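J.: Spelled out, the chains give:
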Amino acid sequence: MSTQGHEHRDDAGSRMGMWLFLFTELILFGGLFIVYAVYRYQHGEAFHLAARELDTFVGTVNTLILLTSSLTVALSIVAVRQGKRGLAVMLVGMTILLAGAFLVNKYFEWGHKFALGIFPGSPELLKRSSGEILYFGLYFVMTGLHALHVIIGMVILTVVGIMTARGTVSASSYVKLEVGGLYWHLVDVIWIFLFPLFYLLH
Amino acid sequence: MTQQGEQLTHGGEHAPGYGQFILVWFGLLALTGLTVALAGINLGRWIIVSALTIASIKTILVVNVFMHLRIEDRVFRFFVAVAVLTLAIFFVLTFFDYAFH
Numbered sequence: 001m002s003t004q005g006h007e008h009r010d011d012a013g014s015r016m017g018m019w020l021f022l023f024t025e026l027i028l029f030g031g032l033f034i035v036y037a038v039y040r041y042q043h044g045e046a047f048h049l050a051a052r053e054l055d056t057f058v059g060t061v062n063t064l065i066l067l068t069s070s071l072t073v074a075l076s077i078v079a080v081r082q083g084k085r086g087l088a089v090m091l092v093g094m095t096i097l098l099a100g101a102f103l104v105n106k107y108f109e110w111g112h113k114f115a116l117g118i119f120p121g122s123p124e125l126l127k128r129s130s131g132e133i134l135y136f137g138l139y140f141v142m143t144g145l146h147a148l149h150v151i152i153g154m155v156i157l158t159v160v161g162i163m164t165a166r167g168t169v170s171a172s173s174y175v176k177l178e179v180g181g182l183y184w185h186l187v188d189v190i191w192i193f194l195f196p197l198f199y200l201l202h
Numbered sequence: 001m002t003q004q005g006e007q008l009t010h011g012g013e014h015a016p017g018y019g020q021f022i023l024v025w026f027g028l029l030a031l032t033g034l035t036v037a038l039a040g041i042n043l044g045r046w047i048i049v050s051a052l053t054i055a056s057i058k059t060i061l062v063v064n065v066f067m068h069l070r071i072e073d074r075v076f077r078f079f080v081a082v083a084v085l086t087l088a089i090f091f092v093l094t095f096f097d098y099a100f101h
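Protein chains in written order, with this note's numbering: chain H, 1 to 202; chain V, 1 to 101.
Please keep in mind that the hints were generated in silico from the structure rather than gathered at the bench. Here the structure is a predicted model, which is why all the values come from computation and not from measurement. Every residue, glycine too, gets a C-beta built ideally from N, C-alpha and C. Some hints could be false.
[What the hints assert, rightly or not] Distance ranges between label pairs, derived from CB positions:
(1) Val49/V x Gly13/H: 38 to 44 Å
(2) Leu103/H x Gly40/V: 24 to 30 Å
(3) Tyr41/H x Gly40/V: 49 to 55 Å
(4) Ile34/H x Gly40/V: 53 to 59 Å
(5) Phe21/H x Ile71/V: 17 to 23 Å
(6) Lys84/H x Val84/V: 33 to 39 Å
[Said to hold, decoys possible] Listed below are several chain V residues computed to face chain H (Cβ distance under 8 Å; list not exhaustive):
(7) Pro16
(8) Tyr18
(9) Ile22
(10) Leu28
(11) Leu29
(12) Ala30
(13) Thr32
(14) Leu34
(15) Ala39
(16) Asn42
(17) Asn64
(18) Phe66
(19) Met67
(20) Asp73
(21) Phe76
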């Protein structure tokens with residue numbers, strides 16, 4: 001592999017590599033969505049009741065945060081292609097800050113549930129119907145796995161942000177930023193489905 | 001891939017501007033507002049339909065515009081279709097099982 005990155009580069013191949021990885025993520029989360037769908041089918045009423053306990057406002061704010069972070073990372077690619085690396089670094093930085101804001105909201109949201117005694121295996125939760133136990137179990141597993149992806153996304157964005165600042169990513173070679181962006185958009189897409197399924201179906 | 005060292009050139013066009021992304025972002029915000037508003041009124045069982053339809057439209061926007069699928073080579077769209085179809089088959093087969101036993 002050339003480190004000079006000029007003669008033997010295959011940008012389309014790099015992007016395809018990331019897309020193929022994203023398909024495995026799709027199947028990973030897809031499996032959980034199937035579990036959710038089956039249990040919702042079996043415990044419709046309990047899922048209905050349990051969803052009322054989530055804060056729609058916090059969920060909506062977090063949705064707006066992630067959608068905006070998707071915009072900023074998409075704009076950073078436009079900026080770098082126009083040769084405005086400083087602006088691109090700023091936009092990647094904004095994306096990371098928005099990701100952090102998302103996690104802070106999640107922290108308080110989870111913390112609030114924990115304070116009420118609702119967490120997997122808690123005595124308070126185990127007193128409830130099996131449907132509600134399943135709902136909250138899925139809520140913690142699916143939003144938790146998603147939050148883990150947000151953290152990984154922040155690390156990837158930090159790396160490509162530094163590369164952009166150093167000029168490794170530039171107007172003539174920006175596929176690393178594109179690939180990092182692709183990963184980040186997937187994190188957004190997963191949330192686009194998690195949000196209505198957990199917060200809005202009440 | 002045959003296009004050695006090819007950047008995402010959009011078939012020879014110039015680099016895209018900021019406008020289309022900001023426009024799509026506004027659309028995504030509007031759809032979020034719509035899905036939250038629809039959840040507020042009592043739609044009964046239609047709420048699942050409205051929520052999933054809006055989420056799907058948002059996903060199509062993100063994937064096509066933010067992730068550049070619209071301007072990628074046809075093979076990318078083909079692969080995405082295969083992946084989504086595979087997941088759809090998992091869903092359908094699982095529910096056949098639950099519906100008939």
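J.: Against the structure shown, which of the earlier numbered hints fail to hold, in ascending order?
T.: Of the numbered hints given earlier, those the structure breaks are 3, 4, 12, 14, 16, 17, listed in rising order.
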